[in-house]
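Protein chains in written order, with this note's numbering: chain F, 787 to 1149; chain U, 787 to 1149; chain Z, 787 to 1149.
Hints are supplied without guarantee of correctness; some may be wrong.
Identical copies go unnamed one by one, so any copy, or any two together, can satisfy a pair.
To be verified - Quick list of in silico lysine-lysine cross-link-like pairs, DSS-like style, CA-CA up to 27 Å: (1) Lys792 with Lys1130; (2) Lys897 with Lys975; (3) Lys942 with Lys897; (4) Lys792 with Lys975.
Bear in mind the hints are in silico, worked out from the structure with no lab data behind them.
Listed below are the residues making up each chain.
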Amino acid sequence: MRIIQKRTGHFLEDFRPGSMLRHKGGKTLTEGLFTTFTEFSMTSNALAKNARFARAHGFDGLVCPPGLVMLVAFSQTVEDVSENARTNLEYIDMRFGAPVYIGDTIEAETKVLGVRASKSRPDLGIVHVQSTARKNVGARDEAVVLTWQRKVQVFKLDASARLHEGEVEPDTIECDLWLPAYDPSRDYKVLAHLSSRDSYFEDLEPGTRIEHSRGRTVTDEHIHLTAVLDNTSQVHCNQFMIDRDPERYAGGRLIVFGGIPFTLCLGLSCPDVGDNALGDRVYRTGQHTAPLFAGDTVFASTEILARRDHVQRTDLGLVETRLRGHKFERDAGAEHPDAPPGWKRTQIFELERELVVKRRSHY
Amino acid sequence: MRIIQKRTGHFLEDFRPGSMLRHKGGKTLTEGLFTTFTEFSMTSNALAKNARFARAHGFDGLVCPPGLVMLVAFSQTVEDVSENARTNLEYIDMRFGAPVYIGDTIEAETKVLGVRASKSRPDLGIVHVQSTARKNVGARDEAVVLTWQRKVQVFKLDASARLHEGEVEPDTIECDLWLPAYDPSRDYKVLAHLSSRDSYFEDLEPGTRIEHSRGRTVTDEHIHLTAVLDNTSQVHCNQFMIDRDPERYAGGRLIVFGGIPFTLCLGLSCPDVGDNALGDRVYRTGQHTAPLFAGDTVFASTEILARRDHVQRTDLGLVETRLRGHKFERDAGAEHPDAPPGWKRTQIFELERELVVKRRSHY
Amino acid sequence: MRIIQKRTGHFLEDFRPGSMLRHKGGKTLTEGLFTTFTEFSMTSNALAKNARFARAHGFDGLVCPPGLVMLVAFSQTVEDVSENARTNLEYIDMRFGAPVYIGDTIEAETKVLGVRASKSRPDLGIVHVQSTARKNVGARDEAVVLTWQRKVQVFKLDASARLHEGEVEPDTIECDLWLPAYDPSRDYKVLAHLSSRDSYFEDLEPGTRIEHSRGRTVTDEHIHLTAVLDNTSQVHCNQFMIDRDPERYAGGRLIVFGGIPFTLCLGLSCPDVGDNALGDRVYRTGQHTAPLFAGDTVFASTEILARRDHVQRTDLGLVETRLRGHKFERDAGAEHPDAPPGWKRTQIFELERELVVKRRSHY
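Kindly produce the complete structure, drawing on both the sequences and the hints.
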């Protein structure tokens, strides 16, 4: 009996700058996945919860919230890009395009932009990629739904293997947020009580930091949530792998997939900054700044950095924000200005986020 | 940078008798939510499991079981009524109306009936409300699906704030259980093997207490289940809030949302009293009598209190019951008549429940 | 008040060889159930994930993976056959028929083939049954989807009760795997990047054992997963029952429902042997060889036993395999050839599995 030890996903030495990876699988967005994640994220935007509200705004039905679009698209790239990663370093220029509805099928591809060895650890290096997700390929409504770059720290399989180091230019990908037309004959105000009263464009003042009120404890549910997304990265779900060699992994524990705090921070911030957004336009950059583990409680805050008119749309405005996630860790005896006595606040996530927000004057 | 500490939901001092709260969000019932809760509850009524069975009885498709209708409707009111509650005290006159199907959108509103300070605790008081949930507002099939009153113990934000104490009359809300017509030309008996044989109207004898056979351990899955319902009450999901000040919260732990044992007790009782019900008509009163925590195993029993003819329907009868939930707690060395040696039985829930049940003579 | 202690399901003394059990409930397959299990299982076959891919192969839409068909069908039989079982001993001649789609309703019936007392334990015995699941009974597309035999170890309610021992012949059940026609005018190759490159018929060489790369830790999520299937066996979900009398139950803990590792092993093996299968034809025999508990990490391997032509289909071939599941247990100081130092490998599951696999030459 010949024994084949299978390896899934690419290791650092497999990546070549300039090569294209067409990802396997694809994913049809069912009502099951939609509900699991939309509700997990605690989003409160009625476009994702109330089909009557969504249709009245000109969408075809319930709209996938941006966190779920990101999770589904991103996860399609995991096997090829980050199944053998240690950690995700940075999201860059993540732009949203067509809305995603229940029933849409998402497929993704990735261009390898760069490969670089780690200076300090011979078993690791950094891969830089550009990924694009499309919906309903081959159908009349085929469209780009998300494009983004990311940098990820990937393990080598063979520490002595030669790398294909280098960097190439990203492709130009057309991907602009689709927005339903404003129709003055519609009575939007009859639905206004379904979204929060103080999160219109007029309310979001630059120079403000909003500490969002809710917290959410993440349990080992994260293992299931990650699997539901087809994210197969073993550091999220293979306890035996960790137990064999805990030193090798961040925190010596199963780490929560970064997409979980990503979408949860978007949701926790929603009542205060997202309830009256028609969509997120771009995430210029984002990072996970500390690991999250089962049992941690996630909180979020948003800084309003700037706002400006939307040149084609007098009913909307653009708001630039910095979304941060944090958790509290025990720190006996200490006093920190932003934490209760005996605790310290640890930032876990940061995202430069631009939203397209309704004006109260029009809705 | 100006810092805004957001507060979500109302505190005791915010409630005014007579005022109306139109709740945000609304909720379209997806197949994801339907399955998660219908199956979690362990309901065995084939109306909620088998579309062929449901259609043969005159429904449009799978029918939301009463526990799920209650959970979805109730949860819509949580942010405004009980996000800052300590505990829910009583359900009163909860009446069911139109059936709820997958795809229906539920929206809810609440009238504040009363506000009262606590005699013993200056940081707490009791709010009395009347809520009504409608489906498909503005559409041809708009209908009331549930109306109910409840009393809830709510925290003050500012212990010295003045309250708007008082009590007003409830509104008259038309809400009667919709029932599909009985059609003698249909061969109901061909489907009779799909429901239990001993739970027809004729079987449910007043003066009987049925100890239902199954138990179900609730895990920390309750955090996710609660979030899926849009129930944002922090005592169910924010472990850090508890850890900061455990004395303040019942049991010093995350408490399981009362809707979870509510729907689970309905489900556990289903094979014995609900399998041949076409619906639940009214819950006259209900209370949580002890808290439930992750790790507890829930059991249920039903007392058959009375039964009577349904005046317009010879194929159906009305059955009044008292549904109780309980768990067992270790009690070393003790002997209790209703528990194994070394354990005691703790009642957690009680509900006066009236069902509309098929007669074996007709089905 | 007369007290009735309800018992659900049959005990050993209730079974009579030759009798037919028509199971209650039935189950309409929603998108919620489909997603929960398809993704939990980690299947990577695009027929179950990508509706465009499934339709291009001639299916009506997303196709239920074999593990989910088995779980839904099997669970319908649990209340009557194994609610009061100690353990499931063997699966025999499990054959697949029509494809199952979202929206289909499954109903099942079981013939009791044999009853036998245990030689060593007077409170136990073995029941041998033959079950068949059909979809959409009474509709134009009514079809058998699965038929199988199993042997299960069932508790007696009354240790002194007389058994109906004996054995009868199984019925002949027509159940052959439905396959979509091969259409040379279709450009299958345009979709080939969506499935794995090295799992075509030509790749699966007899005499090979593939150690699949991924592991998946099972948490107490298993309680919810089991309930979602309508599997009411108390050994999976009633912690109090275990705590009262731990000696009585395997491992003295809640045991994970065997269907969970069954479907998970199918999924873990999928990228290497199932990605290009159009279906599973038959599981000749299968067994759980050790119990699985929350916290264990499941791995899988596949031996390729034989392969042969499909007589009617030049585009396909038949592959006979032995799928095994295993976990690792700590074994301080020991050295085992198939486990890291300090660990031993424990087999948990074994299945003789025949797949119908696409040939690279045609797809």
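Exercise. Give the relationship of Lys942 and Lys897 under a CA distance limit of 27 Å: within one copy only, between copies only, both, or neither.
Key: within (19 Å within a copy, 55 Å between copies)
Practice problem: State whether the alpha carbon distance between Lys792 and Lys1130 is at most 27 Å within one copy, between copies, both, or neither. | Solution: between (43 Å within a copy, 20 Å between copies)
Exercise. At 27 Å max between alpha carbons, let me know whether Lys792 reaches Lys975 within a copy, between copies, both or neither.
Key: between (58 Å within a copy, 25 Å between copies)
Exercise. If the cutoff is 27 Å on CA atoms, where do Lys897 and Lys975 land: within, between, both or neither? Let me know, please.
Key: Only across copies: Lys897 and Lys975 sit 21 Å apart there, 45 Å inside one copy, limit 27 Å.
Taken one by one, the earlier hints all hold for this structure without exception.
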